[in-house]
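Since chain F is already given, all that's left is putting chain E on it; use the hints.
Chains F and E, in that order, are what the protein sequence lines are.
Residue numbers for the first sequence follow the UniProt record's numbering, beginning at 1 and rising by one.
Residue numbers for the second sequence follow the UniProt record's numbering, beginning at 1 and rising by one.
Quick caveat, the hints were computed from the structure, so don't treat them as lab data.
If you're wondering where the values come from, they're calculated on a predicted model, not measured in any experiment.
Incorrect hints may appear among the rest.
[To be verified] Capping the alpha-carbon separation at 25 Å, the derived lysine-lysine pairs in DSS-like fashion look like this:
| no. | chain 1 | residue 1 | chain 2 | residue 2 |
| --- | --- | --- | --- | --- |
| 1 | E | Lys28 | E | Lys156 |
| 2 | F | Lys251 | E | Lys251 |
| 3 | E | Lys93 | F | Lys93 |
[Stated by the list, open to error] From the structure, some residues in chain F lie toward chain E, with a derived Cβ separation under 7 Å:
| no. | residue |
| --- | --- |
| 4 | Asn158 |
| 5 | Ala160 |
| 6 | Leu162 |
| 7 | Ala176 |
| 8 | Asn265 |
| 9 | Arg268 |
For each residue, glycine too, the CB sits at the ideal point set by N, CA and C.
Residues per chain are reported as follows:
2 protein chains.
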Amino acid sequence: MRELTEQDIDYISVGASVLGSGGGGDPKVGRLLAKSMIQKYGPVNLISIDELQDDQYVVPVSGMGAPTVSLEKLPSEIELTNPLQELERAFGKKADVIIPIEVGGINSLYPVGAAAKLHLPILDADAIGRAFPEAQMETFHLHGLEPEQVAVGDEKGNVALLKPIDAYWSEYMSRALTVQMGGSASVSDYFLAGKDVKGSVVNGTLSLAREIGEILMHQEDYDDVFKALLDRLNGFELYDGKVTAVTRETKQGFNFGTAQIEGLNNYRGKTFNLEFQNETLVAKEGDEILATVPDLIVALDIESAFPITSERLQYGSRVKVVSFPCDPQWRTPIGIETAGPRYFGYDVDYLPVEELQGKEK
Amino acid sequence: MRELTEQDIDYISVGASVLGSGGGGDPKVGRLLAKSMIQKYGPVNLISIDELQDDQYVVPVSGMGAPTVSLEKLPSEIELTNPLQELERAFGKKADVIIPIEVGGINSLYPVGAAAKLHLPILDADAIGRAFPEAQMETFHLHGLEPEQVAVGDEKGNVALLKPIDAYWSEYMSRALTVQMGGSASVSDYFLAGKDVKGSVVNGTLSLAREIGEILMHQEDYDDVFKALLDRLNGFELYDGKVTAVTRETKQGFNFGTAQIEGLNNYRGKTFNLEFQNETLVAKEGDEILATVPDLIVALDIESAFPITSERLQYGSRVKVVSFPCDPQWRTPIGIETAGPRYFGYDVDYLPVEELQGKEK
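If we strip away everything but chain F, and leave its shape as in the complex, we get:
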């Protein structure tokens, strides 16, 4: 167990923008929120999965909605903690530990804000190992843990307690309410005993985000940063390029869109595409697939090596597009069914980025 410092939060914020850099909400929102809540309510302890006791109750707190909305609409305190407290009432038990549902984007630090207010520790783990756009895309679901009761709350004080028939209906119902609530809302979708959490999450991911953030913020030579990132995450450089067109649409509570990218440096003369639904789903050169979900695809600023999230990509952005292998839990049949390319409407089989890039690391 250790207390999260301001520097930890800065690092995690930056690292999370790599792990959810297809989108997942602007991590700056999470950083701002976490810091202000810690200032107001006191520090938050990070505990490792080994410190988690079997009979402790673990509850996720996350923001749902289209990331472009979150930039303008900061979560309120009431929104942040109402869903968790609603679940406590529904289950008749108290939460002991808060867990991020995803380590990418805003949701790495959003739950730290709730943890500060409720004086609870936060678990050094998450239920994705990156960010994904839909609520059923959680490792809990891959292990047969379905959301029994799901609480959704907004900044006005509205709360809904959902009892969905499965993880997909958890997504459909939460999303409908989120859209109605103004495009962003707070969600707590599980109430799990520590023993069920062990083995059904991705471990150490807040520490990983911190480590990646530190790499990004302390390297002087950008080539070194790219190399250090690829090394740490076993990733691949897909190409360098300049964004020549972006289409983007907010609908059904998501940001959908495509970025067209003309190759630079060694990739001059080639045309690439990134397609996203909050998160980048597919990287292509013409019709050839370079990488797909569930592997992570990230556009890094070619100058600073900082990621540019899908909602920030714009005409003229000069990017190095890289891909990192997802957690092995996502490469199982149910993992690929849940978050592979076919789920998102692409008529292709999932191939790990290592195979698509023709080399094993």
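Chain E only, in chain F's frame:
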């Protein structure tokens, strides 16, 4: 207290199509449902407000959604009773009596289906005295009774327990879920003690619907039927006409639309409009308003005197358009604010149909 017979149900079904004939769902759906549930589970007793005890708990059961959807998607048993049972759990009490939320359209008999299954009596009253399209448009709201907890369920078994900040958010959240659930869902939005129900509902409305149904089904001379209806409901004939155009759109869980009607008989040479959001909101001749919500506006088939609901109006329909005064509770300042023409976006003050028609009855 008396047992509802098959004939009662036929009459109520027909009468309800007059009291919600702007829309409110096809009453045939309610009739079919009520009869099949009574056949399966046994009879339902109708009790009067005088028979209701102060400490009995009264719970509404209603169908929500766009009426055109309900024609194809009959409510399932699980959908019918899940929301009420969810409220019983949430309040930790058992329901004693079921009440229709509105007497118009499908929702006069929809709750009879639930009453049969749960072996509960149904109250001879409702919370509108006609049909209205939105959930906050209930007499409970006019009397300061706000929905504390609202349950919404679908035929798949999904259930949501909402805790809205006010009656409007009850509508917004229920509607968002209803749309997501396929366009129709079942809702129980109050859990009230008998003493609170007395004085905050419209009394005797199932009996009234029965009476109107009997008038419609047993008169031989159609002129007599029109006259008997107008007499019984203190109504006014607005015009006779033929529908020459209908625009209709299902969006946000409602049927929106306009019918253009060319005058017939004494009204030849004049052009009229009906505008509806599930229920008919306004009847106009050119720009002149003939009647508006909260008064009831109904298009009756000129041949049979049976009402033609807004979702059934079509090119060539020959109609007599009539208007009936609403319950006095809707003519208070909060009643007009809640369901008057300005709420629906019309820049006109509400005038009772008696005044618009230039005569007092």
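Now the hints, each set against the structure:
Note on Lys28/E and Lys156/E: the hinted pairing holds, with a Cα-Cα distance of about 23 Å set against a maximum of 25 Å. The suggested pairing of Lys251/F with Lys251/E holds, with an alpha-carbon distance near 15 Å, which does not exceed 25 Å. As the CA atoms of Lys93/E and Lys93/F are separated by approximately 21 Å, the hinted pair is consistent with the 25 Å bound. Checking Asn158/F against chain E: minimum C-beta separation of about 5 Å stays under 7 Å; hint holds.
Hint status for Ala160/F: holds, given a least beta-carbon distance of 5 Å to chain E, under 7 Å. Checking Leu162/F against chain E: minimum C-beta separation of about 5 Å stays under 7 Å; hint holds. Given hint, Ala176/F at the interface with chain E, holds; its Cβ is 4 Å from that chain's nearest Cβ, closer than 7 Å. Because the smallest distance between the Cβ of Asn265/F and any Cβ of chain E comes to about 47 Å, over 7 Å, the interface hint for this residue is violated.
The interface hint given for Arg268/F is broken, as the beta carbon of that residue sits about 47 Å from the closest beta carbon of chain E, more than 7 Å.
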